[in-house]
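Please model the complete structure; the sequences and the hints are all you need to start from.
These protein sequences, in sequence, are chains A and B. Here the first sequence is numbered in this note's numbering, starting from 1 and rising by one per residue. Here the second sequence is numbered in this note's numbering, starting from 1 and rising by one per residue.
These are calculated hints, taken from the structure and not from any lab test. One should not assume that every hint holds.
[Claimed, not checked] If the Cβ cut is set under 10 Å, some of the chain A residues that face chain B in the computed set are:
1. His23
2. Gln129
3. Val136
4. Tyr138
[Claimed, not checked] Under the rule of at most 30 Å between Cα atoms (straight-line distance), these lysine-lysine pairs were calculated in the DSSO-like manner:
5. A:Lys25 to B:Lys216
6. B:Lys320 to A:Lys118
7. A:Lys118 to B:Lys364
8. A:Lys58 to A:Lys25
9. B:Lys216 to B:Lys16
Note that the coordinates shown come from a computational prediction; the quantities given were computed from them, not determined experimentally. Built from N, CA and C at the ideal position, the CB exists for glycine as well.
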Amino acid sequence: MAGDKEQREELTEQGEILFRQVHPKFFTGGRISSQAFEAPRSHEGMLSVDCESLMTAKDSFTLFTEGFGLSSVCVCGVSVGEVNQHLLHAYPEPIPAADDHPANPAHAVIDMSALGKKQMKKIASHLAQLARARRVLYQPA
Amino acid sequence: MAQTRNPFLKPRFRGKRFEGRRLPLDVLPELRNYAQMVAELAKHLFYQEHGGRQRVPKGFDSSFSLALTGIEDGSAVAVVERIHELSLVPPGPDYFDQARDLVNETVQAVSEKRQVPTGFPHGLLHYFERFGRILREDESIELVAPGATTGPRYDRTVRKHLSLVTSSTYEQEVELVGKVVEADVKKHTFQIETDEGIVQSVLPEKLEGEVLAAFKDYQRLDVSLRAVAIFDRQDRIQRINEILELTSFESVRPFTTRLVELTELQAGWLDGEGQPVSQQAQASADVLRQLLEQYEVPVPFLYPTPEGGLQAEWSTLDAKTGAGGEITATLEPDGSILWVWIGPDVEEEVEMAAGGVTPESVLKMLQRTGLSEG
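Quick look at the structure:
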C-alpha cells in the first residue's frame, strides 16, 4: 500500500474535510482521544478517512457501522490542508465491494507510515486538537 | 488592685493532632464554651444554696475569668488558670471550683456508664453540645483538676451520651465530601450527595457563590466541607446546621470510575483487536490517581490503548495567550510512561522507564508540563 503512493494522486483540495470515525472507547465526556488520529499498527501506518466531497458525515457513519460492521460513536474531521501542514499527505483509496462489505468509493488514507511512535503521538495530538475545535460532525441521536 | 492567678484546669488533649505539644486554634472556642458551662453551673449552685435569691452577689460574674497561660507536653496539655482580682471575689464557698468538680464528676459517671449525678441540672446539659465538638474518633480531653495527676476522659462517646439525656439528637463536627445536588437560595439550604446518602445543609450567604457554582457544574466538581452536623441516636446525620469550611474541587471520581470500567475490557474490544489493560498500566494509573487526589492537578480524560495500556490526556488553555496545548501520558502495558506535550511553541516528549514510575517522578512530570504547580 505504502509503495503504491508514488503512483497515486494526492488529495490537494485544502478545504476538503476528511471524515474520521471515532471508536466508542476513544470518546468520553464528549472528548475525542488523540488516539482516534493514530494509524493502527495493523494498517501499516495508514489512517482511514472518508472524503467529504464524495459522502456526507452521516453516510460515512452508516457505511462504517452498518456496511462494515465496525464500531463508531461519532464522526469528526480534519481538512486536507491541516494534514499537509503537518507534512502528511492524503490519498484516495476507494474500497471495492466484497462478500462481507459494500463498496466505499469515498475512502481515503492519511499516510503516517514514516512516523515513529513519538512523532505519531505528537501529530495525532495536533490533529485531534483541530478536530475537536471543528466539533463532532455527526453523532447519531 | 492585685491580680491573682490560680490553677483551674489542665485539660490534656489526647490524639495525633495534639502530639508534640500542639494545640490547634480550634481548641480556643472549645475552652471558651467550657468556661461558659462552668460559669452557668456555678450560678446554679449558688441559687441552689441560696433559695429565693434572684441575683448573684456583686462581683460574682467578674470574679471568674479563665485564660490559657501555657501548653505542656502530653500530647498537649493546656494550662488554664483563673485570673481575678482578690477584692472582687465574694466571701464564702467558691462555686466555680465546685462547678468544675461537678463537670468532672459528670464526665466520670457517664464514661463509666453511670447516670448523670443528680446535682447536675438537666437544663444545663446542653452546654456539653458546645464543648468537644472538634473531637475526632480517636481523640479525648482528660479533665485534670489542680492537685490531680489524672482526670475523667471526655470523648465523643461521653459527649454524645450527655447530649442524648435531654435530646433525641446530638451535634458533632464532621468532614464530608460529595456533590451538590440541590441548592435553594431562597430557603438558604442545599443538599450534598455523599457516599452515605443525601445530607441537607444550611447555606450561608457568604458561601452561596461557591455552592451554586458546584451545583451548576456538579459532574465536574465535588465539595469538601467541615461542618457541625446534627445526628440522631443511631448516629445518622439529620442535617448540617453550621459550615465551618467549604471548598470545591475538581472531582477525581470520573477518573476512578473510568479506570474501573477500562480495566474490565476484554481482549478484542477494538473491533476484534485491542488487548485488556495490563496490571502494570493499572499500577501506573493508580499512581496518577493518588496524585490527583493529593495535589491540585486537572483530572485527565482516560482512554485505553490497543496494546493494553492506558492514555491520560489533558487539553490546556493558556489564560494569557488563549493558546491551547495537549498533554498525553501513555501508560504503556509494561509499566513505562511516554509523556508527550505540544503547544504553540513546544513539542516535547519524555520516556519514563517502568522501574522509574513513582509518585515522585510522576509528580515531577506533572510539574514540568505545567499541570501542577512546582
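Hints and how they fare:
1. His23: With Cβ-Cβ at 6 Å, under 10 Å, it holds.
2. Gln129: holds, 6 Å
3. Val136: Cβ of Val136 of chain A sits 15 Å from chain B, so the hint is violated.
4. Tyr138: Cβ of Tyr138 of chain A sits 19 Å from chain B, so the hint is violated.
5. A:Lys25 to B:Lys216: holds, 27 Å
6. B:Lys320 to A:Lys118: Distance ~29 Å between Lys320 of chain B and Lys118 of chain A Cα, so the pair holds.
7. A:Lys118 to B:Lys364: holds, 20 Å
8. A:Lys58 to A:Lys25: The hint holds at about 20 Å.
9. B:Lys216 to B:Lys16: violated, 38 Å
This entry does not satisfy hints 3, 4, 9, going by the numbered hints stated previously.
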